[in-house]
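Model the full structure from these sequences, guided by the hints.
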Amino acid sequence: MPIDPVTVAVLQNRLVSVVEEMGEAMLRTAYSQILNSSRDFSIALVDGPGRLIAQADHIPVHVGAMPWAVRAVAAAFPTPAAGDVYLLNDPYHGGSHLPDLTAFVPVLVSARTVFWSVVRAHQSDIGGATHGGYNPAATEIWQEGLRVPPIRLTENGAIREDLAAMLAANVRHPREFRGDLAAMIGAARLGEQRLTAILAELGEAVLDEAVDAMLDAAERHARAIVASWDDGVFEGVALLDDDGHGATDIAIRARVTKRGSSVEVDLTASDAQVRGFVNSSHANMQSAVAMAFAFLLDPDVARNEGAFRPLTVVARPGTVVWAEVGAPVTLCTSHCSNEIVEAVIVALSAACPQRAMGGWGRRFRIAIEGENPRTRRRFIWHLFQARPGGGGSAGGDGWNGAGEWHSAGGIKFGSIEVTESRFPLFFERHEFRPGSAGDGQFRGGTGGDLSLRLETERPARANTAGDGARHGARGMCGGGDGAPHHYTMAAPGAGVRLLRTKETGIVMPPATVLHVLSGGGGGWGDPARRDPAARAADAEEGLA
Amino acid sequence: MRWTIGIDVGGTFTDIVLTASDGTVTVAKAPTTPQDQSDGVMAALHLAASAAGRDLRALLGETGRIVHGTTAATNALLERKTASVGLLTTEGHRDVIDMREGLKPDRYNLRMPPPAPLVPRRLRLPIRERLRADGSVDVPLDMGSVARALDILTAEQVRAVAVCLLHAWCNPEHERAVAAEARRRLPDAFVTASSDVLPQIKEFERFSTTVANAMVGPIIHAYLERLQARLRESGFAGPLFVIMSHGGVASAAEASRLTVGTALSGPAGGVAAGLALSRAGIGGDLITFDMGGTSTDIALLRDGRAMLSAGRSIGDARIALPMLDIVTLGAGGGSIAQLDRSGLLQVGPESAGADPGPACYGRGGARPTVTDANLCLGYLAVSLGGGLRLDLAAAERAVESLGQSLGLDRDATAAGIHRLVNARMADGVRVASVRRGVDPRRHALLAFGGAAGLHVSAVAAELGIPRVVIPFHASVLSAWGMLNTDLRVELTRSQVQGGGIAVAPLRAAFAEMEAEGRARLRWFEGPLEVSRSADMRYGEQVFEIPVPLDDCLERDDAILPDAIADAFHARHEALYTYALRDQDVVLVNARCAVTGRFQSMGTGWSQPPAPMASRGRRIHLGAWIEVPVHRFAALGVDDLAGPCIIESETTTVLLRAHDRGRFDPRGWLEISVGP
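Protein sequences appear in the order of chains A and B. Counting from 34, one number per residue, gives the positions in the first sequence under our numbering. Counting from 10, one number per residue, gives the positions in the second sequence under our numbering.
Because the hints were derived from the structure by calculation, they are not lab data. Remember, it's a predicted structure, so these values are computed and weren't measured experimentally. Cβ coordinates follow ideal geometry from the N, Cα and C atoms, glycine included.
A partial selection of chain A residues facing chain B, derived with a Cβ cut-off under 10 Å:
| no. | residue |
| --- | --- |
| 1 | Glu54 |
| 2 | Met390 |
| 3 | Gly429 |
| 4 | Gly434 |
| 5 | Glu450 |
| 6 | Glu574 |
Computed footprint of chain B on chain A, listed as stretches where at least three residues anywhere in the stretch have a Cβ under 8 Å from a Cβ of chain B:
| no. | stretch |
| --- | --- |
| 7 | 39–52 |
| 8 | 89–103 |
Under the rule of at most 20 Å between Cα atoms (straight-line distance), these lysine to any residue pairs were calculated in the SDA-like manner:
| no. | chain 1 | residue 1 | chain 2 | residue 2 |
| --- | --- | --- | --- | --- |
| 9 | B | Lys90 | B | Pro124 |
| 10 | A | Lys445 | B | Ser322 |
| 11 | A | Lys445 | B | Gly548 |
| 12 | A | Lys445 | B | Pro123 |
| 13 | A | Lys445 | B | Met121 |
| 14 | A | Lys445 | A | Leu60 |
| 15 | B | Lys90 | B | Pro123 |
| 16 | A | Lys445 | B | Asp325 |
| 17 | A | Lys445 | A | Phe460 |
| 18 | B | Lys90 | B | Arg266 |
| 19 | A | Lys445 | B | Pro124 |
| 20 | A | Lys445 | A | Arg61 |
| 21 | B | Lys90 | B | Pro43 |
| 22 | A | Lys445 | B | Glu214 |
This is the structure we're talking about:
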C-alpha cells in the first residue's frame, strides 16, 4: 500500500522548518562577520545513502556539494556512533574550497546512519599565506591554508580539545574560529535533535518510505519541467579573464544533451587546469552544475536529491573544472563556479529561452588591512558594497545590485553608517552605476558606483581576489553583456591606477580614494523588443 | 451608564466590544468595508448599540473612550495603494532604500522581477550636505539644493515628503532644517524626517521605515480624521485611541504622526487580550494562537509581558520600529487546499477570503477550504450562530473533487486537510517559541479567533503542550483586548559606539527621552511609568539583544558601566548559553518606554448564555463516532471528557479523545490536552 500522501506533505514541511531553524541558530550565534552579517553558510539534511533531503536557502553554490562531502565522511568513517561530530574542508576529500569548513552530525537508529545533519560555514580565515583565505599568488593548495580531510572531532561524544586546539592554532583568529565552530556544531546538533524526534514519531520504516515518496515527487516535478524544453545537443562557452599567472580567456565549455526529461552536462572540453586559484574542485563543479539546473526549474521545486535525478554530469580530471590533487582552488566557489553556471545556461537557453536568464555579476573582492587612528588597533575590512547586477529574464529586468550567480541576492553588505563608525573609511558616494546594465528586451540589473576615501594616518595594504574586469556578465537570448568591473585607486599626488583582480600587497597611502565601478547584469532578449516606455523610464530614472 | 468601546477591523469582520460601567459586555460584528473602513465601523457601532438596547447617539454620548485597531496601514502597504512620496536624501546616497543592503528574497527565483522602488529614483533627490559618524559636519547644508529639490516635488505634486540624511540619528539639525523648508513650500504634504521616526543607526532600516511612514501617512491621517468626524457627528465627545504595533495605545494625533507604527495594529489587540487575561489570573506563560479566516497570528507572553522584535517587512517595505514579535502564518479557516505542481497536498496561503468564501458559504466558492473540511468531518454544525447556515453538500463536492486527484475518499481527504493545517499551525508555534529559544511545553496555548477552537487541541498535542485555554467570546477577543491595554510611547536614541559605555551621554539620552515621552502624554491624567533598556552586543557581533536597565541605572556613575556590561553578559548567557566576559561590550541603542495605565476593564464575562440541552453529533475522528455537544460556559459542567464538541454563538471547540475540559467561573474553557 502506498504511503499516505498527507504524511509526506507533513514531513516535507517539517524538514524545511528544521533546516530553517538550524540556519537561524547559526546566524544568531556565529561570531565572525562573514557568517552573522554576510550569511555565507548553508544547512543541509542528507540521508544515510548520501541523498540530499532538505536544504535551507542560504548560498546556492553549496546546494549540490553537500552530498559529496557526506559521502567522503561516510567512506572514511563507515561506522559512526551517536554523539560523533565530523569535520572536513579539503577540496580533494569531498570539500569545495578550504574556507568552507563543514560539520556533520549523524542521526542513528540501532547503529544505522539514517541521516546526516550538515552545516557548512565560510571561515573568516583558514591559515595560509594571506589573511582571509584568498591568496591570488598561490600555485599549490598548501599555500592556501589548512587542509582538513574527514576527521572525527569527538571521542565518546565529547569534543577532542587537542584536535580543536590544533585546528585553531593554524588560523589567524583562533578565538573567533572556536566561536564559529561552536555555533556550527550547535546548529548541527539542533538538527540531530529535531530529526530524532521525527524518527520517534513516525518510525524508521514510515520515514524511509515518506522520504522516498518526497524525493520521487520532486523528481516528477523536475522532470515535468525538463520535458517541456526542446530536445537537442546544445553548447555554451564562458570565459574567465585570467588566472593571475599568465593564462587568459580560460574557457569553460558545456555540451548539454537534453532528451525527454533528462539532461546531461558534459564539461570535458573545458580548458586544462591552470596555475592560479581559479581551478574548481570536483564537488564544487558538481554543485555549480546543480545550481545552474536549479535556477532553470521553478522556485517551488523542492531542492532535494529527487529534483536533481534528471541531471547527469560528465567531466574530466585535469581540467579547470576538476583540478588534480594539489592545485590551488580557493576562488572556485566564485570563479570558476560562475562561469560553469553561465556556460550551462548559455547552452540551455536554446532549449528553454523563457527560463534562461542573463548573466549575474562576477565577484571582485578587496580586503584592506591597516591601523585605525581612532582606536590604534589593526583592522581588516572586506568589500561587500557596490554589489554587481543580477541578470534580466523573461520575468522582467534584472535586480540592481543583487550580486553574483553564486549568491543570487543572499549576501548582505551592511550599513555604511556602521562601517564609517567602525573603520577609518568615508563613503563619498555609493549609488547604482548608470549604463552598466546589459541591454535587452529585459535589461540586466545595474552594478554599483562606490567612491571610498581611506582615513588612516599610515599607509594601509590591500589584496584583491576576483574576476570579470574584462568579461562582463553574459547577455542571453540576444541580450547584451553587462559592463565589466572597473576598479581604480588614486593616492594623493599620484595618478589614477587600475586595480587588477588578482593582486597582493597593494600599498594605499592615507587619503587614497578607491573608485569601484562594479559590473552590471546581462540582458535578456533582443534590445529592439524593449518596451519604449521601459526605456524612457530608465532614462528618466537616470539609470540608462 | 458609562461605556468603553473596542473596535477591531479584521480582514473579514469588524468586531465591536462594548463594556458598560456595570461590567456587562456586548459584542457585535459587521462585514469589513475595505474601501473605507469607517463605513464598517459605523455599521458595527449601530448593531452594537441596538444589541445594548440604546440609540447610537445616546450610547456614544455616554462613551468615555474608544480604542481602535486598524489594518488600514498594513493593507495599503500590502496592496501598494500608498501616497506618492518624494525623498530628500544625502547627495551621493540616493539608492539606499532600493539597494536593500544587497539582499533579494527567494534565492532560487532568478526570474522574479524586482519590485517597483518605494520611491522612484527621479523623486529621490540629492541634498548637498554630509555629516560624519560622530555627528560633526563634513559638508554644510546647502539650502539651494533643498530649494531645487522642492521645486521638483512641487511640480510633481507629491502628497508626502520623507527627509532621510546619513548620520541624522546622532545630529538631526540638517534634517530639521530641510523638513521645515519642505513644510513651508508644500503645506498640504505629509512631511516626515528619519530622526523623528526612528533616530537610530543603520541607514537602510531608518530610511525605509521613514519612507513607509510617508507612504501611509496621508492615508492614515485622512482615515483617522474621517472616523473622528463621523464619531463626533454621532455624538462622541471623548478621545479616540489607536492600538500600535508595539502593543500600547496612542492618541489619534500620535498615530497620525507615526502612521507606520500602526502596521501591526490589527493583531496587537489579541496580544493585549492575552496580557489582560494574564493579569486576570489565567496563570502561567502563554502562547497566543489567533486563527482567523485568512491568517493566524502567534505570539509569546512570558512573565506577563509580550516580546518585542526589531521590526519586519510588510509588503516591500522594511519597518524597523519595535513591534510585537508576532509570527503570522498565511493559513486560516478560509485557506484553500490544493495540489501543488509536484502533486503534493498543500493548504494556503491562497484564501477564499470573505468573497466567495469557503464552498460551504454557498456563494460560489468551489475549491475546498479548511472550513469545508471541518464541516465534512462533522466538527462544525450546519446551522451556526447569527442565523448563518452552511451548505454541507457544496463542501462535500469541493472536498471530493480534490480527493479524486489524490486518490483518497472524501473522509480521508477532509481528515488530511485538517491534519495538514494542524501541522502548519504547529510549525508556526514552533517558530514563535522554539526558534526563539523557548520550550512551548512550558506554556499554555491561548486560543481565539474564529477558527482556532477546532484545531488547537491537536496543535497542542503535536507540540506536547499540556494546557489550552479558550476565552468566552473568543471570536471577538482582540477588540476586548484593546480596552485593556496601556497608553505607550516608545523612544529610542543611538549611542556613538565603541570604547566602553560613556555614562554622561547615556544618562542625558535617557533624560531627554523621558522628558519627550512625558510631554507627549501630558494630557493623560493618570500616573506615568517609565522603563528603560538598551540594545547591546559584543564588539564583533551584529545582532543586538535587548537588556532591561531600570535596576542598573539606579547605580552610581562610577560603577554604572560595569553594571550595564554585567547585565548584558547575564542576558547573553541566558539566551545563547554562553557569555564572553573578556570581550568589548557595545551599547547601540538606548530605549525608553513611557506608559500610562487606564483603569482595568476587568474580565467581565458576566453573561454566560443559558445552558443548551446537550445533543449528540456524528463526527469523524479516525472513524465516524457519535459524540456529545456541550454549550460553552455551561456552568456546573466541570469535567468534560473528549471526544466532544463545545459550541457558543461564535465559537466551536473540538476536544479529542483523552482531552479533558472544564469551565472556569471567569468565563474561559480550560483544556488539559491528551496525548
